[in-house]
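Protein sequences, first through last, are from chains U and E. Numbering-wise, the working numbering puts 18 at position 18 of the first sequence, and it's gapless, one number per residue. Numbering-wise, the working numbering puts 46 at position 46 of the second sequence, and it's gapless, one number per residue.
In short, the hints are calculated from the structure, not lab data. Don't be surprised by glycine CBs; every beta carbon is placed ideally from N, CA and C. Don't take each hint at face value.
Every beta carbon over 12 Å from chain E, so not counted as near; a handful from chain U, in silico [as the list claims (entries may be wrong)]:
| # | residue |
| --- | --- |
| 1 | 125 |
| 2 | 128 |
| 3 | 178 |
| 4 | 185 |
| 5 | 201 |
Mimicking DMTMM-like on lysine to aspartate or glutamate, the simulated pairs with C-alpha atoms at most 20 Å apart in a straight line are [unchecked claim]:
| # | chain 1 | residue 1 | chain 2 | residue 2 |
| --- | --- | --- | --- | --- |
| 6 | U | 215 | U | 236 |
| 7 | U | 215 | E | 115 |
| 8 | E | 131 | E | 115 |
| 9 | U | 215 | E | 108 |
| 10 | U | 38 | U | 186 |
| 11 | U | 215 | E | 107 |
| 12 | U | 215 | E | 109 |
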Amino acid sequence: MPTLKNTVARLSFKWTPGRITLAIVAAVLVAGLLPFVKMSLIVNGVFLGAIIALGAIGLTLIYGVLNFANIAHGDYMTMGAYVALFLLTGAFPAFGIEGEGLGPLTFGYPLLIALPLAAAVVAAGAVLLDVAIYRRLRQRGVNAVVIAMASLGVAIALRGLVQVIWSGETQHYPREFRQVFRLPLDVRIPPDSVFIAVVAVVLVVGVYLVLTRTKMGKAMRATADNPNLALVSGIDTQRVIRWNWIIGAGLAATAGVLLAVFQAQLLPIMGWRFLIPLFAAVILGGIGNPYGALVGAFVIGVTSEVSTQWINPSYKPAVAFAIMIVVLLMRPRGIFGDSG
Amino acid sequence: MALLEASRIVAGYGETEILHGVSVTVDNGEIVTVIGPNGCGKSTLMKAIVGLVQVRTGTVIFRGEDISSLPPQQIVRRGLCYVPQSANVFPALSIRENLEMGAFVRDDDYGGRIDEMFELFPDLAVRPNRKAGSLSGGQRQMLAVARALMLDPVLLLLDEPSAGLSPAMTNLVLERISEINATGVAFLLVEQNAREALRLSDRGYVLSAGENRLDDAGHALLDNPEVARLYLGG
Ligand SMILES: Nc1ncnc2c1ncn2[C@@H]1O[C@H](COP(=O)(O)OP(=O)(O)OP(=O)(O)O)[C@@H](O)[C@H]1O
Ligand SMILES: [Mg+2]
Chain U
1 MPTLKNTVAR
11 LSFKWTPGRI
21 TLAIVAAVLV
31 AGLLPFVKMS
41 LIVNGVFLGA
51 IIALGAIGLT
61 LIYGVLNFAN
71 IAHGDYMTMG
81 AYVALFLLTG
91 AFPAFGIEGE
101 GLGPLTFGYP
111 LLIALPLAAA
121 VVAAGAVLLD
131 VAIYRRLRQR
141 GVNAVVIAMA
151 SLGVAIALRG
161 LVQVIWSGET
171 QHYPREFRQV
181 FRLPLDVRIP
191 PDSVFIAVVA
201 VVLVVGVYLV
211 LTRTKMGKAM
221 RATADNPNLA
231 LVSGIDTQRV
241 IRWNWIIGAG
251 LAATAGVLLA
261 VFQAQLLPIM
271 GWRFLIPLFA
281 AVILGGIGNP
291 YGALVGAFVI
301 GVTSEVSTQW
311 INPSYKPAVA
321 FAIMIVVLLM
331 RPRGIFGDSG
Chain E
1 MALLEASRIV
11 AGYGETEILH
21 GVSVTVDNGE
31 IVTVIGPNGC
41 GKSTLMKAIV
51 GLVQVRTGTV
61 IFRGEDISSL
71 PPQQIVRRGL
81 CYVPQSANVF
91 PALSIRENLE
101 MGAFVRDDDY
111 GGRIDEMFEL
121 FPDLAVRPNR
131 KAGSLSGGQR
141 QMLAVARALM
151 LDPVLLLLDE
161 PSAGLSPAMT
171 NLVLERISEI
181 NATGVAFLLV
191 EQNAREALRL
201 SDRGYVLSAG
211 ENRLDDAGHA
221 LLDNPEVARL
231 YLGG
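Same shape as in the complex, but just chain U (with noise of 0.2 Å):
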């Protein structure tokens, strides 16, 4: 039975000296802080680590199965967001699918049906790249580094490919006009940002239960722990590398077109930009842990978020990457390793 007791055991969390170290200098920097820190950028921050954490906890599972750094991850992005805006500016309004600002959102029921539609095309896009690419470099047994040099070609090609067709100009969803959700402390919600939340907690849960319930999920974790067990314990580790695929694409995919909700506009490099902070999240997790990758997407988001108050926006991967940088040298199996 799914308890906090066995979920908080699967998460396998001990409290050793260097963790408390770390727990309470945390504690202290963010108690010291906290007076000075608009309540506002905390809140924005977590629901751009919701977004962070969907890209992140896709880049991680690609990691523990196929043991390589997917760079064209944050590309899988861009193209989720982009082929929502095929369709809800090029096909749909073709069958009379149109309108915005449903209820308090800016936009409208169309993205509802494609932000589904646009994870299972970027899916299939990821599959057929395995089998095209990927597939061939692990049969031939290349180095992982050669690998996640595969994937940064496919990055580039991806984004020249987005540039090809909709133009390197800023473009945005068709949307429309609303007021934010005005809360004590000065705390602004833009209704986007509530629904954004929904989905990733949706997708998150939906996650878990696959990985924790399902023959597949578990079959995932198995082969990301142990290939050659999995192996000789009769998995079928094709199967498993295309559903992970599926699983850490579509959840990319929904990632981009969450951004370019939250930012209100789409732009080729979107994806590419926000790559520091999904390695940021997935390193500060431990690389290969899920549930890590989650607790370093919020961490991730709600730091870089913070920082703009003192610190120009435009730097706020710096400071993503500064973290990651600070807690490789104190942990370099990140915070959820096995120990530093």
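The hints should help you fit chain E with the ligands onto chain U, whose structure is shown.
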């Protein structure tokens, strides 16, 4: 007809050839032990049989069928299961999940089989949601064997099931092997504790530098003074 007949197996890693034509056979219901010095290719032989290492020349016949070029998933389905020497559980998965993964190719309800494993290895039943990575060495070996038994194999390959265990634990593991053997499962064992293993084996093989050196009945190898001097520690 032998249950397993591996003949003149040549295999290795990359450029290096480790096995230069090794042959072993296992008959129905037998326990067969392979002994030999460190690095002579015992583990490589097992990996070649289960398809983890490519068989370059030679054949592996299992129940009358040539399995030499089948992938591991296909071999497992035919009732030949394997427990590697190291990394033989999924540490991040719970005990129960490890057993479920052992039954991955089964489409029927294998809940009953899990209960049987818990009866056979009561230690595992105490906290089935415990992560395999947190188990003691002995419990881990028990889980590794139980995982491989989930498919009701006809033949079980165990690579050093007592590695790193205390003498008491070793005896317990070997005792379990005898018990499982009594239910009709044949075993091909590699063992460091050669004396104890040969004692319960029908037959044994001595490998050296990737070649067959000797083979004989288990007790005959035990009584062979040369074997005793070279491989059983006097
Ligand atoms: N994955 C590998 N890649 C390259 N060489 C390997 C690999 N695994 C084993 N070897 C080499 O193959 C030879 C035989 O190894 P193997 O593991 O089969 O020996 P073993 O008889 O099982 O030894 P031990 O008693 O130590 O378990 C050794 O020289 C070893 O270094
Ligand atoms: Mg060995």
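Okay, the hints, checked on the actual structure:
With 12 Å as the threshold on Cβ separation, the claim that residue 125/U sits away from chain E holds: the shortest Cβ distance comes to roughly 27 Å. The Cβ of residue 128/U sits about 23 Å from the closest Cβ of chain E, beyond the 12 Å cut-off, so the non-interface label holds. Listed as outside the interface, residue 178/U is consistent with that label: its C-beta sits roughly 44 Å from the nearest C-beta of chain E, beyond the 12 Å cut-off. Consistency note on residue 185/U: stated as away from chain E, and its beta-carbon is indeed over 12 Å from all of that chain's, at 41 Å minimum.
For residue 201/U, the shortest C-beta to C-beta distance to chain E comes to about 24 Å, beyond the 12 Å cut-off, and the non-interface label holds. About 12 Å separates the Cα atoms of residue 215/U and residue 236/U, which keeps this hinted pair within 20 Å; it holds. Restraint check for residue 215/U and residue 115/E: the C-alpha separation of about 18 Å stays at or below 20 Å, so the hint holds. Taken as a hint, the residue 131/E and residue 115/E pair is honoured in the structure, with Cα atoms around 18 Å apart against an allowance of 20 Å.
Distance restraint check for residue 215/U and residue 108/E: the Cα-Cα separation of roughly 13 Å lies within the 20 Å cut-off, and the hinted pair is therefore satisfied. Note on residue 38/U and residue 186/U: the hinted pairing holds, with a Cα-Cα distance of about 8 Å set against a maximum of 20 Å. Between residue 215/U and residue 107/E, the direct Cα distance comes to roughly 11 Å. Compliance with the 20 Å bound is thereby established for this hinted pair. Distance hint between residue 215/U and residue 109/E is fulfilled; the C-alpha atoms sit about 13 Å from each other, no more than 20 Å.
Checked against the numbered hints above, the structure violates none of them.
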